[in-house]
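Undergrad: Given next are the chains, with one letter for each unit.
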Amino acid sequence: MRKAYLALVYLFLYTPIAVLMILSFNKAGLPTAWTGFSTEWYGRLLESPKIIAAARNSLIVAIVSTLIATAIGTLLALGVERRKASAGLDALLFTPMIIPDIVLAIALLSFFTLIKFTLGLHSIILAHVVFNIAFVCAVVRARLKSFDWSLTEASRDLGAGAVTTFLRITFPLIWPAVIAAGLLSFTLSVDEFIIAYFTAGAGQGSTTLPMQIYAMIRFGVTPEINAMATIILLVSFVLVLLAQRFNRASVPGAA
Amino acid sequence: MLPGLLWLGLLMVVPCAIILVTAFYERGIYGGVDWSVATLANFVRAGEWLYLSIFLDSARIAGLAAILALLIGYPAAYAITKSSARHQTALLFLAMLPFWTNYLIRTYAWIVLLNPAGLINNFLQLTGVTSGPLPILYNEFAVILGLVYNYVPFVILAIYSALQRLDPSYAEASRDLGATALTTFWRITLPLTAPGVAAGAVFVFVLSIGNFVTPDLLGGGKLQMVGNLIYDQFLTARDWPFGSALSVILIAVMLLLLFAQALAANRARGEGRSHA
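Each protein sequence line maps, in turn, to chains A and B. Just so we're aligned: the first sequence equals residues 1 to 255 in this note's numbering. Just so we're aligned: the second sequence equals residues 1 to 276 in this note's numbering.
Keep in mind that the hints were calculated from the coordinates and are not lab data. Among the clues, some could well be false.
Partner residues are not named here, just some residues of chain A that face chain B (Cβ under 10 Å, in silico) [to be verified]:
| # | residue |
| --- | --- |
| 1 | 17 |
| 2 | 167 |
| 3 | 169 |
Simulated pairs of lysine-lysine, DSSO-like, Cα-Cα distance not exceeding 30 Å [claimed, not checked]:
| # | chain 1 | residue 1 | chain 2 | residue 2 |
| --- | --- | --- | --- | --- |
| 4 | A | 84 | A | 145 |
| 5 | A | 50 | A | 116 |
| 6 | A | 145 | B | 82 |
| 7 | B | 222 | A | 3 |
Ideal Cβ placement from N, Cα and C applies to all residues, glycine included.
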């Protein structure tokens with residue numbers, strides 16, 4: 001009974017994804033009825049300069065925003081955890097996770113327009129760092145809950161500076177959580193659509209992969225979307241799986 | 001921690017403050033904002049039935065999505081906690097995995113399943129349940145289904161952590177005193193996990209009511225929710241002040257709910273302590 005119910009829930013969660021993946025290998029152009037196995041649509045993806053350009057843009061945005069957010073978010077987590085709990089600070093860090101994407105998107109567009117900031121890949125990166133900081137901070141803070149602060153105190157007492165203490169004591173202890181946070185942040189950035197859509201500007205040059213997918217979906221269901229979706233889903237699965245591994249490794253005794 | 005606070009301050013707090021201010025001005029002749037006279041006109045206009053009904057529809061759809069996600073998610077989380085400790089981590093991870101993947105793709109997958117020539121309609125016709133394709137895409141049903149699908153993992157996580165915090169001796173005591181499993185669940189487990197239920201429901205509601213992608217893709221342009229309305233004001237109608245006012249109202253509704261939930265959670269925690 002219990003197992004049957006769980007099986008049903010997981011069936012609900014994974015059937016849509018599985019159907020997409022299976023149909024991406026469907027021979028016929030019709031994406032809904034099976035007509036034989038083919039990898040033709042994956043080949044088509046590689047031949048589309050628009051998709052390649054969008055994938056390249058997404059990678060640039062995700063890599064740069066992840067590097068910035070991971071550095072800044074980790075420092076923020078360390079600062080917050082060392083201080084007394086503050087409801088205001090917690091609310092600030094919680095906001096990017098709960099604010100509707102569309103509201104953050106129009107707010108950033110209004111801001112960039114008001115200060116006459118030129119839009120492009122760089123403005124998408126600035127925007128993505130906002131929510132990525134919050135997620136990195138949350139993951140690293142979770143790790144720091146079980147952190148033994150006496151180790152850093154000992155280091156400081158013995159005369160090490162703040163930077164040395166971070167590099168020699170803190171970071172070697174928390175790095176798996178930092179990597180996990182970075183991987184999740186990368187996944188979120190690669191997948192994010194609406195904020196990128198509003199902060200990309202009018203030019204075609206800064207179209208990201210989700211923006212390209214959105215345009216294609218509005219045009220109709222095609223096997224190319226299925227193939228692209230399959231690749232993106234598999235990449236996400238691998239990244240999240242890796243993040244989970246690192247995260248578990250970071251908490252002593254939980255591995 | 002300074003760079004992080006500066007980043008969030010400059011690129012989140014300031015932009016949101018700009019939206020709040022913009023909401024009190026009027027649209028310029030060529031789009032943009034006319035900064036000359038402050039006005040409440042946008043908020044008055046948001047109260048017109050045309051827009052008010054969209055807010056009410058959005059709240060109804062988000063409410064239904066939250067209830068359905070709870071009905072599916074609670075038993076699932078309960079079943080996970082009853083599994084062996086080794087399986088729990090894996091089951092929870094499997095439940096959360098789709099949540100970390102592309103939202104657009106997860107929503108698009110339902111277009112593939114629900115369209116007139118899609119798998120579900122094909123199956124129903126093949127088995128003779130229906131004679132023609134059912135209109136299950138591009139309507140409210142599809143939108144609610146999409147929201148529930150996307151946010152069930154969230155509910156499972158929220159309820160699971162509430163169940164984890166629960167002291168099993170309460171339920172054991174209830175069973176020892178002769179209560180059935182069902183009575184124990186209704187009288188002990190469910191009330192004690194109410195904060196988790198509230199947290200899960202509020203999150204699904206909040207994420208649903210401001211959603212743009214799901215109503216846009218699965219509603220097929222026929223169904224408007226607040227998120228689409230705001231989108232249209234910025235990209236189609238080019239009335240940024242009105243779009244800002246709608247955003248301010250949306251955020252106010254969300255804050256009210258989150259505040260009420262936090263208050264209830266605090267009270268529940270306080271009661272828990274006084275009983276102990």
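Undergrad: Holds or violated: is the Cβ of residue 169(A) closer than 10 Å to a Cβ in chain B?
TA: This interface hint is violated because 18 Å lies over the 10 Å limit.
Undergrad: Report holds or violated for the interface hint on residue 167(A), using the least CB-CB distance to chain B and a cut-off of 10 Å.
TA: Cβ of residue 167(A) sits 17 Å from chain B, so the hint is violated.
Undergrad: Taking 30 Å as the top limit, are the C-alpha atoms of residue 50(A) and residue 116(A) close enough?
TA: holds, 28 Å
Undergrad: Does the alpha-carbon distance linking residue 145(A) and residue 82(B) stay inside the 30 Å limit?
TA: Given pair residue 145(A), residue 82(B) holds - Cα atoms ~27 Å apart, limit 30 Å.
Undergrad: For the pair supplied as a hint, residue 222(B) and residue 3(A), confirm whether the alpha-carbon distance does not exceed 30 Å.
TA: violated, 39 Å
Undergrad: Any CB of chain B closer than 10 Å to the CB of residue 17(A)?
TA: holds, 6 Å
Undergrad: Has the given pair, residue 84(A) with residue 145(A), been kept, meaning a C-alpha gap of at most 30 Å?
TA: With Cα atoms ~13 Å apart, residue 84(A) and residue 145(A) stay inside 30 Å; holds.
In this structure, the earlier hints numbered 2, 3, 7 are contradicted, and the remaining ones agree with it.
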